[in-house]
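A.B. asks: Sequence:
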Amino acid sequence: MREAPRWAGTLVDCVVVLGTVALVLTMLDESFWSRGYLVAGLVPVVFLLALAWLVRSTEDGVWVYALVSLLAYAPLGALAALQRPGPWIVPTVETMNRVLGDTYTAPRLFVSTLPPVEAAGTLMLLPYAIGFGTAFPAAWLALGTRRAIAPMVPLVAGLAATITVAVLIPDYYVLRGAVLTVVLVTWVAARARRAEALVGRRRTGLAATLVAALVVGAVSGVVSVLVPDNDQTDRVRLDPAGDRAVASSASETLIPPGEGRQQLFRAVGVPDGARMRLGTLDLYDGESWRPADESPGAGPAGTFRRLGRVVEPLHPGPEVEVRVRIAPAYTGDWLPMLGELTGLELDYRDGRTQIEDVRYNQATSSAVVVGGVDPRDDYTFTSVVPSAGLRPSDATMTATEEQRQPEGAFLDRFLVPFDRPEVSPLQRVLLLARYLRLNGEVRLSGSSSQSPVDLGLRLVGADRMSATPFQYSAVTALGASRLGVPARVVLGATPGRRGIVTRSDIVSWVELQLADGTWRTLDPARYTGVHSGSDEEVTIGAPEFVEEELDLDDDQVKIPKGADIELSPDAVIEEQTNPWRYVGLAAAAIAGALLALLALVPLAKRVRRVRRRRTTSWSGLYVNGWQEVLDAARDRGTPVPEGWSRVAQAGGLGVDPGLARRADAAVFAPAAGPAEDGLDYWQACQALRRQVLAEADVRHRAWALVNPASLLAGWARGRRHLDGRSGRQVRHEDRRARRQQPTGA
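In full-length UniProt numbering, the protein residues as written are 1 to 745.
Heads up, a few of these hints could be off.
Derived CB-CB ranges, DEER-like [what the hints assert, rightly or not]: (1) Thr400 x Val62: 52 to 58 Å; (2) Val93 x Thr380: 36 to 42 Å; (3) Asp656 x Ile590: 53 to 59 Å; (4) Arg609 x Asp656: 19 to 25 Å.
These aren't lab readings, by the way, just hints derived from the structure by calculation. We treat Cβ as the ideally placed atom computed from N, Cα and C, and that holds for glycine.
Start from the sequences and build out the full structure, keeping to the hints where you can.
C.D. replies: Now the structure itself:
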């Protein structure tokens with residue numbers, strides 16, 4: 001008769017371990033192209049569960065289990081993960097050696113590849129290692145021991161290991177965590193009851209299990225209210241496998257704007273007027289703009305990572321297919337790109353670059369080839385081309401501290417006339433661009449230095465502005481960043497006839513980030529100077545220009561153009577903070593705290609009922625049972641005075657006084673009665689309590705569930721007892737009965 005429960009418990013343990021590992025592995029669902037990774041991760045779980053079940057009854061079962069498991073890691077990984085069986089299905093030594101070696105490199109290779117990745121090859125060793133490492137201790141602790149909590153520890157550890165390599169914000173993140181928590185808590189409670197049954201201490205634990213699950217759910221809900229989730233995570237990503245300085249090492253190979261008719265590449269399929277980018281310069285280091293290895297303010301999307309089978313674009317848009325043929329004159333490390341990449345295919349027949357040599361940055365839409373682009377490299381890519389328009393009314397993203405380019409703070413004193421609080425950040429940038437265009441000169445020769453002196457005093461702060469087109473792009477992007485709009489410089493070209501791009505076609509432009517996260521082009525024609533060096537027209541200073549553009553009053557501060565000024569702290573214009581915003585946040589926090597407390601009221605009443613039921617006093621069941629009826633009446637809004645006798649209270653409630661007389665008889669009895677009578681009385685009071693609540697209307701019944709009136713009344717009785725005002729606040733007729741209770745009852 002006892003074999004069935006034992007087999008049932010073993011089956012439950014196997015199902016929970018297998019299901020929990022499967023749920024943990026689904027954290028990688030957004031990282032893989034297909035769900036073939038689940039096979040690689042669950043095969044070792046099934047194997048280890050079967051092995052633990054077979055050897056758990058042997059004398060040295062744990063040692064046999066550990067030895068066989070470790071010996072099976074390599075051959076099982078070759079079959080389940082790499083899917084490379086050898087002769088007669090037995091994997092070769094070379095394949096098993098690859099399993100052992102690549103297990104260490106698989107996590108870093110995985111996080112350095114843009115998701116979703118193809119479920120094949122070395123990357124499959126990651127889910128295999130997670131499944132094996134999680135189930136190796138969990139299977140034996142679940143089937144070979146009777147410990148309740150021990151099997152849960154490796155399962156939680158497996159979850160922690162998976163989180164570090166999964167995408168930062170997986171789908172249904174909170175739901176997975178809640179389901180996993182409820183399953184593990186319920187399983188641990190069930191194993192504890194099973195262990196108690198083996199030593200003859202079996203208790204009905206269904207209520208305790210439900211209470212534990214409710215506590216977990218309630219705490220999760222309260223925490224989510226008190227600490228709102230900003231849909232972000234603070235955990236640190238693993239460093240990509242090698243090639244961390246991809247952009248910085250390839251920055252010198254970016255082809256700058258210049259003269260020459262040498263053909264660099266040919267692109268077929270580019271929409272009319274679209275610009276192909278070579279590289280994105282998104283970091284100003286105090287001397288020049290350069291590509292950053294980790295784009296400022298871009299988060300995980302701003303690193304150069306390997307490419308998978310497909311790439312999910314960050315923003316929607318029409319998709320195009322472009323074919324590029326590299327010419328012998330092209331000597332850079334950067335692949336010409338268009339829009340946000342969704343797929344890349346290289347022609348391997350007459351080129352040497354492989355797909356694993358390409359590193360792509362989603363935030364900047366730039367691609368680098370480790371080792372350089374070969375003239376024989378032809379490739380086809382698909383990409384999403386976002387909208388290119390930029391309107392003065394567009395809302396822009398607020399620049400982070402990194403995106404404000406701290407090394408460009410030298411430009412702030414020249415931007416004071418443009419930093420107007422009455423206009424939007426984008427309009428400030430457009431004011432600066434229009435000022436540069438209408439008052440600047442353009443030269444096509446000479447240095448394009450981006451040092452603070454050349455961009456500051458010799459350009460924006462000069463009496464007569466003169467710069468190259470690239471310097472105009474550099475100072476416009478830096479000025480926009482300091483004015484609060486994320487900006488960057490891009491090098492690229494617009495393909496000419498037949499899609500041919502020559503060295504003279506290489507130009508620079510500025511991109512600004514809008515509130516939706518997309519980057520829009522600020523056309524060079526909007527900020528590049530239109531005057532030639534021979535023009536003798538006297539240009540006006542920045543304050544006068546802004547005054548005319550915004551029609552300012554005459555009493556506004558005017559700073560002479562090119563003056564070396566020192567700004568006092570009171571010259572900075574700051575927006576006043578709205579105090580009602582903090583009032584609203586405080587009110588919302590108070591309301592949230594009150595709702596959280598109300599949500600805990602039913603749980604507190606349940607705990608109180610359990611404690612009353614487990615009283616050690618023989619008369620306590622009668623006193624507590626009747627108090628449950630009084631508390632129900634108080635919660636529904638019809639309390640009766642506690643100083644009345646029980647019979648009077650029953651009359652006030654409009655119920656049969658039989659239970660009240662029965663409680664009085666038990667309390668005044670000279671000796672303890674049978675324990676069964678107390679239990680019967682408790683059940684009768686519970687039925688009466690439910691009847692009292694059922695007599696109320698729907699609104700009062702719902703309010704009685706969360707009404708803390710009875711809890712507060714009980715707290716008040718306890719305080720009066722501590723103050724010594726009225727003993728335990730029992731009725732006068734109960735005091736004599738309490739003195740008559742037998743010792744130790």
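A.B. asks: Could you say whether the range 52 to 58 Å given as a hint is met by the Cβ separation of Thr400 and Val62?
C.D. replies: Between Thr400 and Val62, where Cβ atoms are some 53 Å apart, the hint holds.
A.B. asks: Measuring from beta carbon to beta carbon, are Val93 and Thr380 in 36 to 42 Å?
C.D. replies: holds, 40 Å
A.B. asks: Quick one: are Arg609 and Asp656 within 19 to 25 Å, going by C-beta?
C.D. replies: holds, 22 Å
A.B. asks: Taking the CB of Asp656 and the CB of Ile590, does the distance hold inside 53 to 59 Å?
C.D. replies: Given a distance of about 44 Å, which is not inside 53 to 59 Å, the answer is violated.
Violated hint for the displayed structure: number 3, the only one.
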